[in-house]
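Colleague: Starting from the given sequences, assemble the full structure and let the hints guide the process.
The lines below spell out each chain.
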Amino acid sequence: MAEISMTIVLTQTALSRPEEARARIEAVGVRISRYLPEVGILTGSGEERLLETLRHLGEVAQARPEHRVSLPPLSGRRPQ
Amino acid sequence: MPDDVILDALRPEPTGGLIVTFKPGVDTGRQERCLTDAAGSGLARYSASEADLPAMRARSRAVRLAETGIAILPGLPEAAQETAALRDRLLNDEAVAEIRPEFWMFAQDTAPAFADTAELTWGLAATGAALSQATGAGVRLCVLDTGIDAGHPDWQGRQITARSFVEGEGVQDRQGHGTHCAGTAAGRPAREGVPRYGVAPEAELFVGKVLNDSGAGQEGDILAGMLWGIEEGCAVISMSLGRSTRPGESYSLAYERLGALALEAGSLIVAAAGNESSRSFGLIAPVGAPADSPSIMAVAALDQALAVAEFSCGGITAGGGEVDIAAPGVGVFSCVPRPELYKKLRGTSMACPHVAGLAALWAASDPALRGRALWHMLTSSALPLPLPARDVGAGLAQAPRPPLS
Chain X
1 MAEISMTIVL TQTALSRPEE ARARIEAVGV RISRYLPEVG ILTGSGEERL
51 LETLRHLGEV AQARPEHRVS LPPLSGRRPQ
Chain R
1 MPDDVILDAL RPEPTGGLIV TFKPGVDTGR QERCLTDAAG SGLARYSASE
51 ADLPAMRARS RAVRLAETGI AILPGLPEAA QETAALRDRL LNDEAVAEIR
101 PEFWMFAQDT APAFADTAEL TWGLAATGAA LSQATGAGVR LCVLDTGIDA
151 GHPDWQGRQI TARSFVEGEG VQDRQGHGTH CAGTAAGRPA REGVPRYGVA
201 PEAELFVGKV LNDSGAGQEG DILAGMLWGI EEGCAVISMS LGRSTRPGES
251 YSLAYERLGA LALEAGSLIV AAAGNESSRS FGLIAPVGAP ADSPSIMAVA
301 ALDQALAVAE FSCGGITAGG GEVDIAAPGV GVFSCVPRPE LYKKLRGTSM
351 ACPHVAGLAA LWAASDPALR GRALWHMLTS SALPLPLPAR DVGAGLAQAP
401 RPPLS
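Here the protein sequences line up with chains X and R, keeping their order. Note that my numbering has the first sequence beginning at 1, numbered continuously upward. Note that my numbering has the second sequence beginning at 1, numbered continuously upward.
Read the hints as simulated data drawn from the structure, not as lab findings. We treat Cβ as the ideally placed atom computed from N, Cα and C, and that holds for glycine. Careful: at least some of the hints might be erroneous.
Residues from chain R that face chain X, not an exhaustive set, calculated with beta carbons under 7 Å [claimed, not checked]:
(1) G217
(2) Q218
(3) R243
(4) A254
(5) R257
(6) N275
(7) L345
(8) R346
Modeller: Here it is as structure tokens:
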């Protein structure tokens, strides 16, 4: 199973217990790289199958692959 | 080959008629005999001061344009074989120099309504920023991008608060995109030899580097930068970045949560709508992320004729994926890192900081204009355009104007 980066958003309810939610997410196997407890958003990595597991956690409102943003080369010929 | 299909689609369509050019020196009598022999009776003579050409074409087999040595043989689309025979007869006449099919022709793009001058860029003229008494003074404006070249001569003496969210990289902009966007939003006033290009030249600039020196970035870093801008009390956060989305794709809860938090906290996040459209081929791509979040203002790009830019994404996904507003995004002059110093770029990335700068002007004009109130002011004061809201939202963003005396 492929290893991916993922973005996880906690439910509003879980925002009141952010450390508990973080522990639950780590327990399923996600390695957390960044945690913004003020807004209940985490990014981390793990096997792709973990996304489905995360979606069934009561603390998780959304779990998606983390997207990358990429600009084109800086040129007047290409829309930026 | 797909390219051949596209080229074929772009080729002009024939009307079914013919354009005949006579050799120099062929007198009008000889021209008329040639046309009559080939097309039969029903020859008309057109002079610009005398007649209605469309009506003449409709009732004549041939129309000779006086004094030009040129004639039009209006064709009938259903009579292609007759037209071919007519062409063959004319080709055999030694008085004829050339015979070509007539094509439908269309007007070129509208002439530009705005252009750069020695004093200011066209974007500042179109948005009214140059006429505004507001400068952005006292307002915190955050640009999340590739960082900034704070050593650029135009940033000398300017207070800039910068932070990098990219691991292992400082805030120095080595790609150029961030410096250009910051320049449009908050660059300095005009100086000798350089027009004014900054919408809010006295805004207090915050720069979050969330894209690396190659122009790439991870969502986690971008989200952290957004939170930083909100926590720093920035009234405006400009995000000329994003990724493409699929039609109907739901928005990211992460971006939406930060957009909503920003509005509650008195910040407004504006984001580039995206550049994936190819409008001349009929393709309108959906607004990208994070601009597709309902609580983040999506900015489309306009050209100097105030037409929607060829590449600008459109609001084809409901529930946040709408375009909210439009701003100049073609031929945008601004600063780039040393040694190049200046560059003209195009894209919704260039439109977005125009709106961010305008938001800072509004915020400076009235301390009550924060968050949702600022959003409402920007959209309600936008100049309506004769274009679909799908493409330009409320219209061309405008600066607060001085009261009429």
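Colleague: Next, verify each hint and record whether it holds.
Modeller: Taking the hints in turn, this is what the structure says about them:
For R/G217, the shortest C-beta to C-beta distance to chain X is roughly 5 Å, which falls under 7 Å, so the interface hint holds. Checking R/Q218 against chain X: minimum C-beta separation of about 6 Å stays under 7 Å; hint holds. At a threshold of 7 Å, the smallest CB-CB gap from R/R243 to chain X is about 5 Å, leaving the interface hint in force. Nearest Cβ of chain X to the Cβ of R/A254: about 5 Å, under the 7 Å cut. The hint holds.
Given hint, R/R257 at the interface with chain X, holds; its Cβ is 5 Å from that chain's nearest Cβ, closer than 7 Å. Interface hint status for R/N275: upheld, as the beta-carbon distance to the closest one in chain X is roughly 4 Å, under 7 Å. Look at R/L345: its Cβ gets to within about 5 Å of chain X, closer than 7 Å, so that hint holds up. Annotation: interface hint on R/R346 holds; nearest CB of chain X at approximately 6 Å, less than 7 Å.
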